[in-house]
Structure formats: structure tokens, C-alpha cells
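Engineer: Construct the entire structure; sequences and hints are all you get.
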Amino acid sequence: MESAVGLLLVEAGPRSNAMTISCFSEVAHHPTTLWVSVAKTSYSHELIKETGRFSLAVLSLNQKIAAISCGTVSGRQQDKCASLDLYSSPAGFLFLRGALASTGCRVRQTIDIDDQTLFIADIVETDLDTRNAHLRHLLLSDFRDL
Amino acid sequence: MIWPGRTIWDTRVQSVCGIISARGEKEPELSGSASFAQFSLSPLRVIINPNRTYPIEPAIQQAGRFAINVLPASERKLMIKLMKVRRRQPGKANVLGLRLSEDEHRIPFLEQALRTVFCEVERTIEAGDRKLYVARVLESRINSGISNERPLLFEEVTSGESSFFALRQTARQILIRSGALDLIKKLRYRRRPPPAPNIARTTYEQAGATEEELATILKYGALDSSRRLSPPPPPAILRKELGICVVGTGWGYLHCRYLRQASPKVRLFVCGRNPEKTAHLAHAVGAEAYFIGLEQAVDDPRVQALTLALPHDLHRQAVELATAAGKHALVEKPIATTLADADAMIWAAKRAGTILMVAEDMHFRPAVREASQRIERGDIGEPLYLLAHAGGIRRPSGWAAEKARMGGGVLIDIGVHYIRGLRLLLGEPDSVLATRAMQINTRMSEEDSVQLLFSSRAGWEAHMLLSWVSQRGHLPDIVIAGEKGTLHLWPGVHYFDYYPVAPVLTTRIVSQLRPYWLQEKLLRPTLQRIRIKLRDRDVTGYLREMQEFLAAVAEQREPVTPAADGRRDLEIVLAGYEALASSRQTEIRALD
Chain A
-16 MESAVGLLLV
-6 EAGPRSNAMT
4 ISCFSEVAHH
14 PTTLWVSVAK
24 TSYSHELIKE
34 TGRFSLAVLS
44 LNQKIAAISC
54 GTVSGRQQDK
64 CASLDLYSSP
74 AGFLFLRGAL
84 ASTGCRVRQT
94 IDIDDQTLFI
104 ADIVETDLDT
114 RNAHLRHLLL
124 SDFRDL
Chain B
462 MIWPGRTIWD
472 TRVQSVCGII
482 SARGEKEPEL
492 SGSASFAQFS
502 LSPLRVIINP
512 NRTYPIEPAI
522 QQAGRFAINV
532 LPASERKLMI
542 KLMKVRRRQP
552 GKANVLGLRL
562 SEDEHRIPFL
572 EQALRTVFCE
582 VERTIEAGDR
592 KLYVARVLES
602 RINSGISNER
612 PLLFEEVTSG
622 ESSFFALRQT
632 ARQILIRSGA
642 LDLIKKLRYR
652 RRPPPAPNIA
662 RTTYEQAGAT
672 EEELATILKY
682 GALDSSRRLS
692 PPPPPAILRK
702 ELGICVVGTG
712 WGYLHCRYLR
722 QASPKVRLFV
732 CGRNPEKTAH
742 LAHAVGAEAY
752 FIGLEQAVDD
762 PRVQALTLAL
772 PHDLHRQAVE
782 LATAAGKHAL
792 VEKPIATTLA
802 DADAMIWAAK
812 RAGTILMVAE
822 DMHFRPAVRE
832 ASQRIERGDI
842 GEPLYLLAHA
852 GGIRRPSGWA
862 AEKARMGGGV
872 LIDIGVHYIR
882 GLRLLLGEPD
892 SVLATRAMQI
902 NTRMSEEDSV
912 QLLFSSRAGW
922 EAHMLLSWVS
932 QRGHLPDIVI
942 AGEKGTLHLW
952 PGVHYFDYYP
962 VAPVLTTRIV
972 SQLRPYWLQE
982 KLLRPTLQRI
992 RIKLRDRDVT
1002 GYLREMQEFL
1012 AAVAEQREPV
1022 TPAADGRRDL
1032 EIVLAGYEAL
1042 ASSRQTEIRA
1052 LD
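Those protein sequences? They're chains A and B, same order as listed. Going by the working numbering, 32 is the number at position 49 of the first sequence; the sequence numbering is gapless. One rule links them: number in the working numbering = place in the second sequence (from 1) + 461.
Take these hints with a grain of salt, some might be off.
To be verified - In silico lysine to aspartate or glutamate, EDC-like type, Cα no more than 20 angstroms apart, as pairs:
1. B:Lys592 <-> A:Asp112
2. B:Lys592 <-> A:Glu(-6)
3. B:Lys647 <-> A:Asp112
4. B:Lys701 <-> B:Glu1016
5. B:Lys487 <-> B:Asp564
6. B:Lys545 <-> B:Glu837
7. B:Lys646 <-> A:Asp112
8. B:Lys545 <-> B:Glu600
9. A:Lys23 <-> A:Asp68
Stated by the list, open to error - Now the stretches of chain A that chain B is said to cover, found in silico as 3 or more residues with beta-carbon under 8 angstroms:
10. -6 to 3
11. 8 to 14
12. 107 to 121
No lab work stands behind these hints: they were computed from the structure. Where a beta carbon is used, it is the ideal one built from N, C-alpha and C, also for glycine.
Structural biologist: Rendered as C-alpha cells:
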């Protein structure tokens, strides 16, 4: 289905990971929450379970390469964060430079549905990067030619 | 540059736009959304988060199925219109002119969508002011005709109905790329530093709701089904010859005038009791012939229909006589003075297979039609109050001053029009309270002024002030106040006024002016006024009312406003009289 593409960024002590994701959206305005769906077998799942925090960077159209590089290899095999232009937010979340927006979230509720976990999280802080504000979202349909 | 986000919309998680559709209780429900996404690939599941105050939420809950209609970028205007439509508006598809289909999935869907995802709900998750629906995908159907088109994005619809969308987008891009936007923001923040960001609080303040607030909002229902009547489009012009006899030589003159204007195909006859007056009227309006006494008129084979401009107490007798002779009838409002008479008239017409229509010009008044459409489209948000102020100096005499013949005073005479207006604009009232000031015209047996307060369980109220003994001055006769704007309807003019709550450009400019004394001097309520011209020149609706009657007779069909509508108006008027007599809030019978 047509949807936006983002990077799920998690940092748990010395371990960190970046995972390409398109299963995310808003939950509610009060409380101000969003959801992400993560496969139970993924490395990010393990890290979120450990810390209860994650960041979501919504990608712009010119970040296709970052989406591909973080979506084709497991974080257990490779430190994907090393190749990304990341910085730490005031509340200590990993944020991505050049993303349309990076949002730090704290998990409020987890719901297991088959092999996925639905993480419902409070939105703690968001950074907007104006360098790419003129670009649209990177969409799943932009990968049609791959 | 990096700026802190202040609301949930700054997270940019709202991306692809679509319309969620589901079967509603009576008709399909629709809701715009930019926060749906797939949850898992195998099995394919999606999640949507409908707002709990929108009717789509109970519709999905009841139907257990819904469709996500992903919109192509070319449907930007449709999405903007849908986002603007009143939240509690029933029949949103009709308001937007959308045609929905339904197939074996038993889910209404949009054929012009880029993709339609048919879903069945598996579980719901309580999540504050929204509810999450996790659903299994039954089928994902791509529209091959437009499969190369990009989906519509949320950022493309947030600017609203700007007619210079492309220009604004280009200007924004230039400002962003040149760094000018950052510079402006920096200067503004230096001059007036913003408070520390608090996404949860700011989002809640702008669009969130607590459980208590949700309960308050939903107290009046997610859907406002109180409105049963809709103003019709202008009727067709009569193309075939018809013999019409106007009965009554007083108000009947106006009937003759409008019949003459309505169509050149009308063969006009007049009928009265007074030979001199009747002959004079026939001559004045160029009638083909005239009749003395109704019996003569109904017996004449040249006459197919009658318009009755008679004292109210004679309506029943006249209609029964006409229908017995197989003639159609247009009767002046009110339909009668009692419900028993109204029922007898409706029954007589039904038995004879003839058309009976009540002359209610409010039903055809162009300003009412336009205002009603604006309410549906969401221009004033939820309508809250209707104020009607009508009357003027008038001293009724003869039968019009006698209760037995007139049925009452100013309420039954003028109030009946505004009750129809209320029904067309807001809906059916559930109760009425009536009070009145002292009687000035002691020659009248009934009230020469009255005020009424109508209430609806749907959450709106209406106040009517009707008087024949005080001057109305330069005021609109109907004001409809809503949460997002107010409409002023003026009698007898070719326009109406719209005052949006959101400041218009001139108000925004003036509100920035300094010094303050200059701003105060220039900042007038009329700056917010948007005057809307009416294309229909028949500002009262009398002409269209006459044309509709002629069209109904010529086409042998029920008029767009059948006599039952007039009976209902009378029922509400009589409830008003009951409230006036008892000084108590009086229930009005609910329609089935």
C-alpha cells in the first residue's frame, strides 16, 4: 500500500540500530502518540524492548539510498548507524540530519499480534530540518523500479 | 537549519491521503485520513485511527468492515472539500457529489481512488481520542487507469482551498532554498521568543480531547440527523398549456402576477365571491375568464388546477371541492387551522389522485438554498443558533384578525414561514418554549407579537421574534451562527452575507496595523463580511414555488414539497401555541 518511508532509530547503551520502516502512523492527539510495527525477530525489536525508547525519522525524497542501505541488511551483522549523519537530541534520542522530521518516542503500550509487535509511544520531541523541507515524503512507490 | 517541532503534525507521520469509507446506519460514511498504514505483510494487515467524534468510527464498529481509498495527487480538491465538510453532516457523499460503489465485499468504495484496500476489522485498541482498528486486508485493488499517478500527500491539502496553490508552493520552495524562511523565522523568534516546545500540550490544545470532552461532544450524537428537508433546485419551466384558476381576489392578485411570470403557457382564470372585485381582477391580470363561486370554477373543463388564496378556515372546504372534481390545488400557507382539517385535505387529494401543494415560498428562497448548501459544506462548522426576526408594522383586519378564521395571530401567519426555514436550514425541532410581550393591537383577537425558543436534541437552538407591532429596522431576517462562521440572510435582496470565524486577508492586515488607535478605528466587523451574490433573481421564492406547482401538475408528479410538509409546519405552530398557553416547554412530536 502507498505509504511514507522512515528510519526507526534505536540506541540501547553501546548498541544502536537503524531500520527502514513503512509501518508507522499517528495514534491519537490526546495523548499525543504514534505507532510503529516491528517484527519480533528484528534487532530493533530487541533494542526497543530493552530501552522502551526509539526515534522515527521520516525520510525525504532524496534519502532513498539511506532507506535502501538500512533496509537490506540486519543490524546484527552491520552497524548501520555508522554510515548515517546522526546526532543526539536534547532528550538523548538519535536523530537523522536531512530527514523531513525526526521524532523521539517513549513506549507507552506494546501489543503482540502474530509475529509483529505494535509499539504505541508518546511523542517526546521532534526536530524539523529545513534543508529538505521543500521535498516531499519518500514513498514506497518510489521504489517501484527496484 | 533544525527547528524544534511543536505539534504532532510536525512529526510528518501524516503522509498519504485517503478516504475511509464504511456502511453507515442509513447511508455510507466517509472520512478523510492521512494516518493509515500497513501493519504487517503476512497476513496483510492495516491500521487506521478514526477520530471518536466522527460518525465513521461507530459506522466501522457496526459494519466491521471498511475501505481505504488512497487518493491520487489529482484529487487534491476533493480531499480539501471532504476535510471541510461538517463533521456531523449526514450523506457526505451526496454533499461532495461522489458516487460510491459496492461489490461482494459489501463495503462502499470510491471508483476514482488510486488504490482501494478492502478491510475486515480484527481488533480495536482504545487509544485516547482516537481508536485504533487493526484490520485484515480482504483485497487491495489498484486502479489501472491511474496507476502511474503519485498518491496525494497531507502537506498538499493543509493549505486549504487556495486558488494560487501552485504559485504558493513555488514561492515556498524559493523561500526555503534561499534560506529566507529560516531568516524570517529567526528574526521573528528573536523579536518574540516562542515558549519551550511541548508537543503533547500544543497538540491537545489544537485538536485533542479528553474523555470528558469526548463525552460532551458526543452527547448530541456523532451524526446530526435532525434535518429531513432540503431546499430543491429551481424547477423546470412549464412547456405545456395549463388552465389555472386563482381563487381569491385579495392575495390572489399576487398569485396571478407570479403565474403570469411563471410561464406564458398558463391560461389564467380567476374566481371570487364578489362579482365586481372578481371582474376587476380578471381585467387587471388579463384572465381568460372569471367565475363567481368556487363551484363554477371546479366545473369548468378549461381549468386543470386551482390556486387558493382564501381565509385559512376555508382551505379544507375548497380543497375538498376541488379534489372531488379532479382538480389539483395549491393552497396558501398555513395548510389549515387544525391538524384534523390538514389530514382531511391530504386524504381528499390522495383519494382523488390529485396534487395538493402548500404555497411556502421559504422552501424556494434562493438564499435559504445557498445557505443550506454552505452549512452542509462546512462553512460555518456545527450550526449552533438560528435567529429569525420577522414581521413589521401591520394591522390585520376582517377575517385575519379573528382567531376562528385565521387560526391565530402573527405566529401562524408569519411564523409558519420561518418554521419552514428552520426545518430547511437546521432541522426538526424537538421542543418549543413561547412567551410574549403585552398586546398592542387590541382589535386582534390573537397575539400581535411572540417569541419562541426551539431546541433540538441534535444540539442546536433557534430563537424567533415575530411582531406586527414593532419595526424590524435594517436587520437580516435570518441569522445562522456556527462555530466556524455566521450567515446573514436578508429579505428581498440578491445577496447574503458570510462572516467566517477565521480572519480574512483584510482583517489580518488591519490587525497588524500600528498605532493601536488606528487599528481600532479600522477594525470593523464588516471587514470580515463576504457578500455572496445570488444568481437566482427570484429572491422571495414565490416565482419558483409557482413554477414547481405548474411543473408538478404538468408532469403529474408529487411536488418537491408535498402537503405533508405544510402539515408538519402547522404541527410545530400549534406546539408553539400550546407552549404559549401553558408557559411551559412543549415537546414536538418526533417524525418517524
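Engineer: Decide, hint by hint, whether the structure agrees.
Structural biologist: Each hint tested on the structure:
Only pairs whose Cα atoms come within 20 angstroms are accepted, and lysine 592 of chain B paired with aspartate 112 of chain A is rejected, the gap being roughly 31 angstroms. For the suggested pair lysine 592 of chain B and glutamate -6 of chain A, the alpha carbons sit about 30 angstroms apart, so the restraint of at most 20 angstroms is broken. A C-alpha spacing of about 14 angstroms is found between lysine 647 of chain B and aspartate 112 of chain A, which places the hinted pair at or below 20 angstroms, so the restraint holds. Simply put, lysine 701 of chain B and glutamate 1016 of chain B have alpha-carbon atoms about 10 angstroms apart, close enough for the 20 angstroms limit, and the pair holds.
With a CA separation close to 18 angstroms, the supplied pair lysine 487 of chain B and aspartate 564 of chain B stays within the 20 angstroms bound. Distance check on the hinted pair: lysine 545 of chain B and glutamate 837 of chain B sit about 10 angstroms apart at the alpha-carbon level, within 20 angstroms; holds. For the suggested pair lysine 646 of chain B and aspartate 112 of chain A, the alpha carbons sit about 13 angstroms apart, so the restraint of at most 20 angstroms is met. For the hint pairing lysine 545 of chain B with glutamate 600 of chain B, the CA-to-CA distance comes to about 29 angstroms; that exceeds 20 angstroms, so the pair is violated.
About 27 angstroms separates the Cα atoms of lysine 23 of chain A and aspartate 68 of chain A, which puts this hinted pair outside 20 angstroms; it is violated. Coverage of the stretch -6 to 3 of chain A by chain B is violated in this model, with 0 residues showing a Cβ closer than 8 angstroms to a Cβ of that chain against a need of three. Counting residues of the stretch 8 to 14 of chain A whose C-beta sits closer than 8 angstroms to any C-beta of chain B gives 7, which meets the bar of three, so the coverage hint holds. Taking a C-beta to C-beta cut-off of 8 angstroms, the stretch 107 to 121 of chain A contributes 12 residues in contact with chain B, enough for the three needed, and the coverage statement holds.
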